[in-house]
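Student: The residues making up each chain are set out below.
Protein chains: 2
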Amino acid sequence: MSEIKIALLGLGTVGTGVYSSLLKRKPEIEQLLGKRIRLSGILIKNPAKPRSDFQKAPLYSEFEKILGKEAPNVVIEAIGGIEPARTYITRSLEAGCHVISANKDLIARHGEELIRLAKEKGVRFVYEASVGGGIPVLRTLRELLRINKVQHVEGILNGTSNFILSHMRTTGCTFPEALELAQQKGYAEPDPTNDIEGLDAFYKAMVLSKWIYGVQPLWEEAEVKGIGNVRLEEIQLAEQLGLRLKHLVLLDDSLELKVKPVLVDSEHPLYGVEGVDNAVRIQTDLLGCLTLQGPGAGAEATASAIVEDFLSLYETGSVYQDKPAVSEVVQRKQAKEGTTYLLIGEKEHISGETISVLQLQGAVLDTVSLPDASVIALLYAGDLPVSPLPFTSIYPVRLSSASEAAEEVLL
Amino acid sequence: MSEIKIALLGLGTVGTGVYSSLLKRKPEIEQLLGKRIRLSGILIKNPAKPRSDFQKAPLYSEFEKILGKEAPNVVIEAIGGIEPARTYITRSLEAGCHVISANKDLIARHGEELIRLAKEKGVRFVYEASVGGGIPVLRTLRELLRINKVQHVEGILNGTSNFILSHMRTTGCTFPEALELAQQKGYAEPDPTNDIEGLDAFYKAMVLSKWIYGVQPLWEEAEVKGIGNVRLEEIQLAEQLGLRLKHLVLLDDSLELKVKPVLVDSEHPLYGVEGVDNAVRIQTDLLGCLTLQGPGAGAEATASAIVEDFLSLYETGSVYQDKPAVSEVVQRKQAKEGTTYLLIGEKEHISGETISVLQLQGAVLDTVSLPDASVIALLYAGDLPVSPLPFTSIYPVRLSSASEAAEEVLL
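Protein chains in written order, with this note's numbering: chain X, 1 to 411; chain D, 412 to 822.
Hints are computed from structural coordinates only; laboratory data are not their basis. Accuracy of the hints is not assured; some may be wrong.
Distance condition first, Cα-Cα at most 27 Å in a straight line; then the derived DSS-like pairs of lysine-lysine [what the hints assert, rightly or not]:
1) X/K260 x X/K119
2) X/K149 x D/K456
3) X/K185 x X/K149
4) X/K5 x X/K119
5) D/K532 x D/K621
6) D/K560 x X/K24
7) X/K24 x D/K621
8) X/K149 x D/K636
9) X/K149 x D/K446
10) D/K467 x X/K26
11) D/K435 x D/K456
12) D/K636 x D/K596
13) X/K210 x D/K435
14) D/K446 x X/K119
15) X/K5 x D/K560
16) D/K437 x X/K210
17) D/K435 x D/K446
18) D/K532 x X/K149
19) X/K149 x X/K210
Among the chain X residues that face chain D by a calculated CB cut under 8 Å, a handful are [claimed, not checked]:
20) S21
21) G34
22) T140
23) R142
24) E143
25) R146
26) E274
27) G288
28) C289
29) G294
30) V307
31) E315
Glycine included, C-beta positions come from ideal geometry on N, C-alpha and C.
The following block holds chain X by itself, in its conformation from the complex:
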């Protein structure tokens, strides 16, 4: 029985999850592959740190020793960030190793060069865990939707933002309180900028776009907004209207990308996606609308995606990774249907005249206000006036119904 040598880079949350999954599932993995597997080395930052649990594999603090005299067959990168991850992956591919990564920042920025290098070297570079945590988003798109053209994708791709918004809504706590809890629970990093500013979701959207359409939108043209400015009152107001605020990625086949907080109604497939769950709603021309939901972060869920990627290296032919399905970028005129917005502002700053003007523009207006807050909210269906409006927040609302979508497909 031949042997597969695996090296693991990093022993943080993801690395530890991968380590224990490989160890715990060794018999099943070996049975599925018909080969033995062995952890040939683990790269750690601090060799002085006591680690009683990791006695089954040699620990190294120098990357050179990971490649050693005889390079491993597979390198799993669980370090994150651009450097030194980029250098280590490049070196591994050059040494003829398959590489598995969960590193969305790196793949969004340098994925193309790494994929090209892998092809040149006749090895594979796979990264299911970089988008949607444990959800097999990338492989579903490329392996199970071969003939389906992806028209647009709508997703909750940042578990931390989703957890914060869910927690504010259900407990009535403020943004800083929810963020602190997310950090305590280990969902958010000590520096949560990438999560709450929408950058983490943006990187994942870039990986997705390249994966589906073979190309990324221009980085500077994408609209990226995080949840840092969301106030509790706004979430509560929305709830009175039967709406929930979700931090969404919206990507379509004309390469228009928006990453921002959006209100969704109770019929929307992403309405019920709560806590640290992620979800992706994929609209295709043949199947219709397929939604995948699951844990977007966490050691075990991410380890699941990485171990499944590992099995795919040895269990399938290499057709999928290198051969995209049929989706392509579509040139589309800018004509968009009228959108619904929730406009929120301070009572004293919004005159009756402003409201009248909006009504005159053919908008459907509804007024809701919280008893103890000096806010006013208007539901507006139509094109927003270009002139500045005296509202503190303007959220787009997606009134997309699962049943309507299904009927559209069926009738």
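Put chain D on the given structure of chain X with help from the hints.
Tutor: This is chain D only, laid out in the frame that chain X set:
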């Protein structure tokens, strides 16, 4: 460039959808496969019926002519029901054709013999479209969750029942009215028995069980209940409590199978699945909880599953169809945690004494009633007494939260 000959059996909703998808997508399919495809024949029931749209392939009313002198490479069965589908599939496999089918009744009953025959003949028998319409449930389970053990599956697998329940809730119409609309829209068959009695979902659950665990529960031990007796008042009562009635399939790794109406709360991943959508919530030991949602019926969605199956015959190795992942049946003690029930009955038949008895048994009781109906409802958490209860309906309630499930996985 070599050629793949395809024969299509049946030109109903599914057959017509497959026909037009194959025709419309011919260039892309040929590009993906690097082979030409040709419809070598279509089997129809009534040769006298005028069909101006089907000029691209010869129409036959005798099955023998479909196999002809040189058998097609692939036979797509879109007839439904046990006979003559079973005979035609058997004959096709014997003649060395791959077979694709959407026929859950047949696969639930005779799948094993057909799979065995396909193996003997060195061809493949695939049937993604038989469970969950366009959702790639079967292939996700077998191709993307190789190392994940499936602990339990919870699904909405009958689009007609889901449409009827959704429609009653949102419009306040009665069961017969909703059923009539479902028939008008073509969701329900002229004889809707299989849909509304839960048999359609039951067959799909049997296909799923065999697929995941390699074995079916005993047919006579499964609890199967349809939505035929559901009253509008019950749905409205449930809504007052924040609950929705869903017709669910509940299958676990001890081979316990229940197919019946269940109440779910707004945090449950299947709460927002409305209209003819289907959804499957797959609980695994590593990834956690993965939910797939999409159109459960309709010509195009079903055609999508069939055409994707067709591509998989020629694009992947044959490892997956014949090599299940690691899930296995678990022997489990009968100890189940206390369940929550909604008990609904006529006011005049439920004494204060009954309520007191239930309260004394340590249950958490809550009372709701509609102003204009003589009904009473009690929310009960605990084990139901064995003695007969004076309620007309007793629904189990699933208070499963996406965020809680995710936390369970993560913490």
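Student: Are the hints correct? Go through all of them and say.
Tutor: Okay, the hints, checked on the actual structure:
no. : hint            : verdict
1   : X/K260 x X/K119 : 35 Å, violated
2   : X/K149 x D/K456 : 33 Å, violated
3   : X/K185 x X/K149 : 39 Å, violated
4   : X/K5 x X/K119   : 21 Å, holds
5   : D/K532 x D/K621 : 21 Å, holds
6   : D/K560 x X/K24  : 13 Å, holds
7   : X/K24 x D/K621  : 26 Å, holds
8   : X/K149 x D/K636 : 38 Å, violated
9   : X/K149 x D/K446 : 20 Å, holds
10  : D/K467 x X/K26  : 53 Å, violated
11  : D/K435 x D/K456 : 24 Å, holds
12  : D/K636 x D/K596 : 24 Å, holds
13  : X/K210 x D/K435 : 26 Å, holds
14  : D/K446 x X/K119 : 24 Å, holds
15  : X/K5 x D/K560   : 24 Å, holds
16  : D/K437 x X/K210 : 25 Å, holds
17  : D/K435 x D/K446 : 16 Å, holds
18  : D/K532 x X/K149 : 34 Å, violated
19  : X/K149 x X/K210 : 14 Å, holds
20  : S21             : 6 Å, holds
21  : G34             : 10 Å, violated
22  : T140            : 7 Å, holds
23  : R142            : 11 Å, violated
24  : E143            : 7 Å, holds
25  : R146            : 5 Å, holds
26  : E274            : 5 Å, holds
27  : G288            : 4 Å, holds
28  : C289            : 6 Å, holds
29  : G294            : 4 Å, holds
30  : V307            : 5 Å, holds
31  : E315            : 6 Å, holds
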